[in-house]
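A.B. asks: Knowing the structure of chain A, use the given hints to seat chain B on it.
As a plain string of letters, each chain reads:
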Amino acid sequence: MSGKTLYDKLWDDHVVYTEDDGSALIYIDRHLVHEVTSPQAFEGLRLAGRTPWRASRNLAVADHNVPTTDRDKGIADPVSRLQVETLDQNCAEFGITEFDMNDDRQGIVHVIGPEQGATLPGMTVVCGDSHTSTHGASGALAFGIGTSEVEHVLATQCLIQKKAKNLLIKVNGKTGPGVTAKDIVLAIIGKIGTAGGNGYTIEFGGSAIRDLSMEGRMTVCNMAIEAGARAGLVAVDDVTIDYYRDRPYSPKGNDWFMAERYWQRLHSDDDAVFDKVIELDASSIKPQVTWGTSPELVVAVDQNVPDPAQEPDAVKRQSMIRALEYMDLKAGQAITDIAVDKIFIGSCTNSRIEDLRAAAVVAKGKKLADNIKLALVVPGSGLVKRQAEAEGLDKIFIEAGFEWRDPGCSMCLAMNADRLEEGERCASTSNRNFEGRQGYGGRTHLVSPAMAAAAGIAGHFVDVSSWEMQQ
Amino acid sequence: MRAFTQVTALVAPLDRANVDTDAIIPKQFLKSIRRAGFGPYLFDEWRYLDHGEPDMDCTHRPLNRDFVLNKPEYKGAEILLTRENFGCGSSREHAPWALEDFGFRAIIAPSFADIFYNNCFKNGLLPIALPVEQVDELFKELTPGYQLTIDLDQQQITTPSGKKIAFAIDEERKYRLFNGLDDIALSLQHAEQIKAYEAERAKRAPWLFTE
Chain A
1 MSGKTLYDKL WDDHVVYTED DGSALIYIDR HLVHEVTSPQ AFEGLRLAGR
51 TPWRASRNLA VADHNVPTTD RDKGIADPVS RLQVETLDQN CAEFGITEFD
101 MNDDRQGIVH VIGPEQGATL PGMTVVCGDS HTSTHGASGA LAFGIGTSEV
151 EHVLATQCLI QKKAKNLLIK VNGKTGPGVT AKDIVLAIIG KIGTAGGNGY
201 TIEFGGSAIR DLSMEGRMTV CNMAIEAGAR AGLVAVDDVT IDYYRDRPYS
251 PKGNDWFMAE RYWQRLHSDD DAVFDKVIEL DASSIKPQVT WGTSPELVVA
301 VDQNVPDPAQ EPDAVKRQSM IRALEYMDLK AGQAITDIAV DKIFIGSCTN
351 SRIEDLRAAA VVAKGKKLAD NIKLALVVPG SGLVKRQAEA EGLDKIFIEA
401 GFEWRDPGCS MCLAMNADRL EEGERCASTS NRNFEGRQGY GGRTHLVSPA
451 MAAAAGIAGH FVDVSSWEMQ Q
Chain B
472 MRAFTQVTAL VAPLDRANVD TDAIIPKQFL KSIRRAGFGP YLFDEWRYLD
522 HGEPDMDCTH RPLNRDFVLN KPEYKGAEIL LTRENFGCGS SREHAPWALE
572 DFGFRAIIAP SFADIFYNNC FKNGLLPIAL PVEQVDELFK ELTPGYQLTI
622 DLDQQQITTP SGKKIAFAID EERKYRLFNG LDDIALSLQH AEQIKAYEAE
672 RAKRAPWLFT E
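Sequence lines, in order, name chains A and B.
Going by this note's numbering, the first sequence opens with residue 1, and the numbers climb by one from there.
Going by this note's numbering, the second sequence opens with residue 472, and the numbers climb by one from there.
Isolated chain A (complex conformation) (with noise of 0.2 Å):
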């Protein structure tokens, strides 16, 4: 018999019983509550008198109405208020932990899960919100759920699941400077499509995965929805349980070493086999830039903007012609000459530390060109912000010309009041360059932290391998 995979142990250890069609009741450790996609879940509880199975695995907090300024007035918006208010009563109601607004430790609820130890390796986390898959990069099965499966779980603590089958994808060898974890997924996306990880769990490995630091495999974890997976997972290493070490809801004296041993299982085994494997070469990656309304679309930063008419399929054609007409973008057009109004540096994909930490070797020291009308920085938690002000990243942003706001999602969605006007150009930290995600009209281009902070001092795309060196 052959071995098994990261993806079928973790699923092997969560199943509390399997129906005869395959699908299993499979228990979940860990619930991420936030204001979005809970407010009918509880009211839903309330409806038929059901309490929460276990309220000490649920954690809540508002991240995505949140304003990023004057936190102390409040916020302006009455509807973006009721919705926030609405989870601070359920969770007073139902007794679950809750980080409000002006807490320390309030944050994008994919930042705060990792920092605090509420999502450890081997655990099922769960949350509505398909980013969620970002918990994975520490071993843990972790996947995005609707609404109904919100109150499912506050309601039985488990969910009824189909086993999705198991991809591969390997990243081999070394990224050359300049290329991070943003740039290896959207190449990985670029290469398998947005639809290319549908039904199945992706496993991320190879050097190029196994070198990145935690914050740098959450980045390409969080991504693999836009790859078309629920779930990525990263296997255990000492990355991972170096990174576990003293947070506030890490397992603690004995705890500890009993989960430390049961954590170091957590990887496939070398006969375990894949559904499906696919691999790349980490040398030939180089920064990427998004140019339409799709992940998919999506080249390097010395590339051009593709030509619809070279296309065979004609489906794929009409997307890419209907998204350059949308992105104001000519085929054959040079990324590099392609001129932006806004810069967003956050969201859950590219908002920790290490990530403001990228964007500031590239803005210490200039300013802002002039046709930038605003760039954001938003931290993904108050600690984040707290951690990057101690190291003086706040002042290098600042006298760039940068704002420097509150944590929450902001600009990835505009939900709050960050957001772009009709026709506004973004180079965005975040992970969706949807026809008016970013504000009814905007144009989104995903990219690193660096790349985004280098577009905002050029005030265009330019290649951060080769162009920091010249400065």
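These are calculated hints, taken from the structure and not from any lab test.
Note that the coordinates shown come from a computational prediction; the quantities given were computed from them, not determined experimentally.
Every clue listed holds true.
As a list, the in silico DSBU-like pairs of lysine-lysine whose alpha-carbon atoms are at most 35 Å apart: (1) B:611 with A:316; (2) A:163 with B:635; (3) A:330 with A:170; (4) A:163 with A:191; (5) A:276 with B:645.
C.D. replies: Just chain B now, with coordinates in the frame of chain A:
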């Protein structure tokens, strides 16, 4: 949840691949704490020429006449025919809520994003994945007034010419959708098994059971 047994209805074609949930229901409408009332804002940015906001009265908003759901010949459509990877992106269940509230009962496409696919079954909405060639053929056959009959029990679609197309669906999902069953009540029938699992797991992973 409304049960799905058999539906005979008008089909509307949405000839786009990778239709994401931000397009199905834009983020400003996610601020609602209710579960109903999303239908008027379905595909808001494609359907209207102005910018929609929550609680807006849509009866006098300027319509994008080129958008398929605004064409009189597709009024009352309950089946949506579309392209690959429908429902990709955000996990928002507001997307199936909006489709269902608008009047859709079924969606036919070559493939669906996993979370969206799952969410449909919680809301009486039937997503049907067919081979890309069959979807192509339906797009070619489709003219205004085109109706399909979908029979969940038989797992079969019947075209106006009487042609039968079989589709696959998990037994468990089919059973729940066909009967309109409440997932939570069914899972809670296994409460003793959940407790037994917790007791056994607490021995293996006590750090998860400290509080």
